[in-house]
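Both chains come to you apart, so use the hints to assemble them.
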Amino acid sequence: MKKIILLVFMCFVCTGCFDYQELGELGIISAMSIVKNEDNFRVDIQLINIIESGDHGVVESPVTVVSGEGPTVFDAVRSMNLRISKSFFPANMAYLIVDKSVLEENDLREVMDFFARHTKLSLNFLVITTTDSDPSDVMASLSEFNINAATNMAEVIRLSEKRYGASYSLTFLEYLKDYFEPGITPVYPNIYMHGDAEISEDIDDLKKTETESYIELKDLVTFDKQGNAIHLGVDESMGYNFLKNHVTNATVTSTCGDEYFTVETLSSKFKFEDDLKNNKIKIIADIDGEISFYGCKEDLNESKVLKDVTTSFENKVKENVLSTLNLAKQSQVDFVGVGNFIYKNNTKYFDFDKNDWDKEGLSKIDFDIEINANLYKQGNLKGDI
Amino acid sequence: MNTKDILKDLKELQKKQPDLIIRKIKVGLFKHAYIVVNQSVSSGDRVNDFILKYFSSKNIFGSNVIKNLRKRIEENIPSINYIPVDNVEKLYELIFSGFTIVIYDNSISAYETRGELDRGVNIPQSEPVIRGPKDSFTENYNANLGLVRKRIKSKNLVLKEITVGRETKSKVGILYMDNICEEELVESVKSSLEKINIDGIMDVNNFKSFIEQKNVTFFPTVLFTEKPDDACRFLLEGRVIVTMDNSPSVLIAPTFFMDFFQNSEDYYHKPFFATFMRIVRFFSFFLAILTPAFFVAIITYDQEILPVSLLINFAEQRNSVPFPVIIEAFLLMFTFELLYEGDARTPSNRGTSLSILGALVLGDAAVNAGLVSPVMVIVVSVSAISSLVFIYYDMQGSIRFWRYLMMILAALFGIVGFVMGLMLLLINLCSVKTFGKPYTLPMMPFIKGAQSNALFKTEISKMKKRPEYLTKNIIREE
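Taken in sequence, the protein lines are chains A and B. Here this note's numbering is used: position 230 in the first sequence is 230, and no number is missing along the way. Every number in this note's numbering is 1000 more than the matching position in the second sequence, counting from 1.
Simulated from the structure, these hints should not be mistaken for laboratory data. It is possible that some hints are incorrect.
[What the hints assert, rightly or not] In silico DSS-like links for lysine-lysine, alpha-carbon gap of 25 Å or less:
| # | chain 1 | residue 1 | chain 2 | residue 2 |
| --- | --- | --- | --- | --- |
| 1 | B | Lys1150 | B | Lys1448 |
| 2 | A | Lys218 | A | Lys100 |
| 3 | A | Lys244 | A | Lys120 |
| 4 | B | Lys1437 | A | Lys3 |
| 5 | B | Lys1433 | A | Lys2 |
| 6 | A | Lys2 | B | Lys1270 |
| 7 | B | Lys1214 | A | Lys3 |
| 8 | B | Lys1134 | B | Lys1071 |
| 9 | B | Lys1433 | A | Lys3 |
| 10 | A | Lys177 | A | Lys120 |
| 11 | A | Lys271 | A | Lys177 |
| 12 | B | Lys1153 | B | Lys1195 |
| 13 | A | Lys2 | B | Lys1437 |
| 14 | B | Lys1464 | B | Lys1448 |
| 15 | A | Lys218 | A | Lys244 |
| 16 | B | Lys1067 | B | Lys1031 |
Next comes chain B alone, as it looks inside the complex (with noise of 0.2 Å):
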């Protein structure tokens, strides 16, 4: 490497970033040193201190300049890496990472004076939980580690770091427990992690597509969760996760059906009440997807399924909707997803009138208008409401692209339409597959040993053996 060139293109470099900043500091009485360091990633304090105070000191000269920095740094301040660089390429990525460079005669080498650019530990915004820990992973890639770490102290816990993204260079980590999750597990994940080859990746929700290509299916075989219980908790159990610079949330792998079902207050809760709360999951998701298509069904095909009383019911009030019934029903959903889209991106402090008005279109003012019919309203809302019980975005999205396929085939074929659409949607469920194992594990196939925490949910005393399905290493608790 030639200093000099590399300094032209540095200070070529400087005239487009003028946040680079290039010090020409004097090193004896004939020589020069050059601090480069991007002071938007870096910490101003730290390169004063560690750095610039260093070269201002009046003993330093001689060939020995850099190797004492370097000694002083070592013995002295440990939490500042040292690394030499030894390629352009290379010289960049530090800069850019918040590395303070110093090139002195032919020799460059490079202090980590990072910047804490981050929000730190905050609550997680959007899993909230009322008990358990209420901490969550932030943007900054240690931090993230160090939230896991402070939870399993173990030398079991092991990381494989890589690197990803041509011009991104994102830090991806993954984490796994060395004496319970499958060697086979880890190589599948990394080198899924390591076939990419994109110019960038900003979050770990991008994986999802590099992950999970094989499967046809809009259900979600990747979790993501911005909780550090949760991710641990999953780590006990055998399981992969990939977290990266700059994402606040974690990739959980692999992922199986009935995990979208439990949520990490399970866990605080008595067995109970959270085998209770699972249920009412599992029902809301059958609910959310198929109410408006049932309704759809008997209303348009199937009449004489309905009690007559109902019917006569049904009939007055569909009696001043101008529309057939699944425009009537995609008119409201319509209108819920843009209220539900509309709400998620708007200010907390401004949400009320959204409510209020959301409140007011889809209720009182769509009836009296004559639009929709009240008995539509209350379709739509239950099974919005039944949605919007899953935690997991994803989640939600699949169930909204089944309940449009469910409604449609409703108002097609009928109670004949709703039926093959569920016969659909099982065939979709049971055919996928992650990370080689089936998706709806362990429902089907179905494994005894693990249900003590699939629908149902035992004491966490009792829970003796980790899934099976996940792990050779089944022994919880000796």
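In isolation and in its complexed conformation, chain A is listed as follows (with noise of 0.2 Å):
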């Protein structure tokens, strides 16, 4: 009895009656974006409308955007309720785009307490930016291959991360860490809407075989301390990625002559080596590859053919990699996480707490790069492209 007794009191104590709550009464979010208006925040939320998507092909909208202002991000999600009966729910939110208008501390740490205190979130969601688009009509948008278009893009995100390696998911969780760790600035992945936001809000624009009107995964995006984006070009993109071990299938193209090979990484692993006494960083990388297309002239059978055309592709990969860091060196963002490297190895070597790292410290490190390279001859292309 005595058991039962406490198996009860721990159900009452762990959770309770008040948590209830019917599927029907709840607004599925799949999708969240925060703007700050002056001295308020300005909340995008899209719902996925639950009557209309069970239907066969697409009818009315499969999701609705409901916006709320308020000082606080939260009193601005619970304004939406003055329109909106559910009670909403945001664990299976797709993303969060953050606008560069809350980048301000005190706001982005107000976002950030907001999800990181919300118990049923799993804080796997990714965060994005846009740059060039308003957040709203990102929301607003409807996606051909998928009735939750929010879904749609995180999932182009991470398949751009995976099979081309010039995109990265950010998952909040990381994004919690590059923000408050030392030495490193969070980088974003950028969307933007291409075509008018209207169109791309209109059912009948997907009934088309070629819509007007989409939003599409631009390139990685960071941002300085005044606010200033900073793009990360295709090369620069890839070579963050490198660096932060994030590839698994990359497509590298690089020349022999006036002619272009293609190499697929097949493993990737890129690590720091301190040399601080000379104010030099080491960087080693292990990569495996295989040649999807050779358009060269020369014979790929030869080995000294083979072994050019490994050079060649480790040039490309250091090329990457020295326009990422030249990229950080110059804006003075360390978004690479040079600074945290040297943080958690030698702390001794630069005050963190006192001294800007990205405006003193990482303008004096020199970059040593070693690609070692490893490339399996032409094969054949297995299953999808």
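And the structure:
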């Protein structure tokens, strides 16, 4: 009997009837954006339209976008209940759009606080930004492949990271880590609205073979302390992903005279070694790859040719990595995390509390990059492309 | 005993019980013998052939009438028992047991002329099998003993008989293997049964409330089987079986939790298939108890566990249902219970209409009417079908209880309640003792030597030892 009483007591302590919620009462949030307008936060949420999304074929919009404003994020979200009879359920949120207007330190901390304290969030949703479009337009845009446009975009980001290497799926948990740890600045995937925003919201546009307006993944972007966007091109994005060991299968195209060859990486491992007495960081990489396209004139069966091709590939990767590091130095934003590496391995080298690493530390560091590639000859293209 | 008074009482009784026959037969010139028989429970042919025929002979007279009758029966017809009657209570018991009472002078003797009132050996109704013996116990006590004896032709098979029931005087037999079974177990079963002081016991199933009274659990701690091959297998493992007059099944003691996941057919199939089926049954046990509760918990408290596509799917289905999930679940469960009970009591030739109606009510119509969601139909069906995997009705009953308890806990406390319910289930299972031994043997405590026939099943040729938690004589194959 004591055991039963203990179990019932624990049940009451751990949860209670007050947590009971029917599915019909939930407004399932698929995406959210937060913008700061003067003193107020404006929050847009994309709700999945349960009634309509079950119909076969697209009849009406599968999502509804609701906006709310308030002095706090919580207040802004609750204000939406003036028109929506649902309690908002963010556990399945695909992404959060953080506008550059909320990057001011206190605002961003409030946003992070709002999500980090939510017990029902897995914190694995993506954090993205849009530098060229209005977040509310992105939220209202529909997708041709998935009734849930937000899920579709999150999948786009994940897939392009995995298969192309030029994007990065920044989860909220990593975002928290990058934000609070010294010597590193978060890098956001950047999306934008292609075409007219109003057409993108129109369900009839989806019925066309070629949609006129859609949202697309653009590049990676980071922000300096003044809120200026620093865009990473394809090469820098790839270099960034190589440095952060995010790459699974990246495609790297390099030249052999006037012709090209493409390598699909199979595995890559980058590691940092410090030589801070000489203000130097050594970057050593081991990459395995397969030549997936070979358009050069030389015979690949000759070992010298394969060696030359390998060297060319190594140089190309080195070039990408260097351009990423140079961008960080030039923009004085350490988005690669070199400072974080030093902070964790040699704390005496730089006082991160008193000095600004981005301005005073990063520029003094030289990089010595060593890429060791192991390429396989051209094989068959297996499975999907 | 005064035979005159007894005859007077019998004649009084005859007025209330017309099937009681009292015949007055002239013996010699001056004397009379009285033949008393209850024709409902007696065989008329036996009475005529062995008793009345004797008295119709003109040669009988004098003081040796009864002695000669007894001698004749003992010498020529050994199948008929002779019992001298020395008290009134015994007299009535024998009359209603089908004996013919002969009252002559001051002596009363009884001759067994019992009629065959049972249905004969038939196929097992509640434990149907495809492979293996298809005979089953009947309501005939001797036939049941015979079904066991014909399988175990050993002098070590011991029978202890007791009578239970003040009014019913039911004969109860305790069978065990003298060389295998532990003496304490036999004594424990015997003393439990001897303590019973009730007017009547109708079936061996009634014993469970006297045997398992110490345990606070809904799990069955005794097993009943109507298959003689199962009973003999248990006997050879060192267990005790209890059979009873008028009961078509026997009680097995002790019984452990894992016994309910075994089936007699397991022993007639390849070990791989038997093991696979036992694992299926093991999972079905948890599926039957946990599926509706888990669904209720995640739908009402912990929706974040669900992938978004599944959540949307469930939300769409639940959109048209006006009841809370727990009410919907109980509604469907209750409908299933109605159908289950209805189907169990309906003659097979009328069962088709019930099946069609049940399929329509539980399936399409209920969903179309917006009373339940399709996913709830699937959840309840999975749970219900899983519980039907168990052929033992007692286990089905305990599964039902735990299923509803888990549903209530899940509806009140979500996943936390669900986990607590699961803990409660395990605590309850582990706290049960059957004849002083843990109910969860041989899994908890884990007995390595007994694993060849617990959840897994090895070749019978490799099962060279008996379960060590049942007997000290563990060598099966020498």
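For each hint, the structure was consulted:
1. B:Lys1150 - B:Lys1448: Answer violated: Lys1150 of chain B to Lys1448 of chain B is near 33 Å, above 25 Å.
2. A:Lys218 - A:Lys100: holds, 16 Å
3. A:Lys244 - A:Lys120: violated, 29 Å
4. B:Lys1437 - A:Lys3: holds, 21 Å
5. B:Lys1433 - A:Lys2: Given pair Lys1433 of chain B, Lys2 of chain A holds - Cα atoms ~19 Å apart, limit 25 Å.
6. A:Lys2 - B:Lys1270: violated, 46 Å
7. B:Lys1214 - A:Lys3: Distance ~18 Å between Lys1214 of chain B and Lys3 of chain A Cα, so the pair holds.
8. B:Lys1134 - B:Lys1071: violated, 42 Å
9. B:Lys1433 - A:Lys3: Judged against 25 Å, a Cα distance of about 17 Å means the pair holds.
10. A:Lys177 - A:Lys120: holds, 20 Å
11. A:Lys271 - A:Lys177: The hint holds at about 19 Å.
12. B:Lys1153 - B:Lys1195: Not OK: Lys1153 of chain B and Lys1195 of chain B at ~31 Å, beyond 25 Å, violated.
13. A:Lys2 - B:Lys1437: holds, 23 Å
14. B:Lys1464 - B:Lys1448: At roughly 14 Å apart (the allowed maximum being 25 Å), Lys1448 of chain B and Lys1464 of chain B satisfy the hint.
15. A:Lys218 - A:Lys244: With Cα atoms ~20 Å apart, Lys218 of chain A and Lys244 of chain A stay inside 25 Å; holds.
16. B:Lys1067 - B:Lys1031: holds, 16 Å
Violation of the numbered hints given earlier is confined to hints 1, 3, 6, 8 and 12; the remaining hints are satisfied by the structure.
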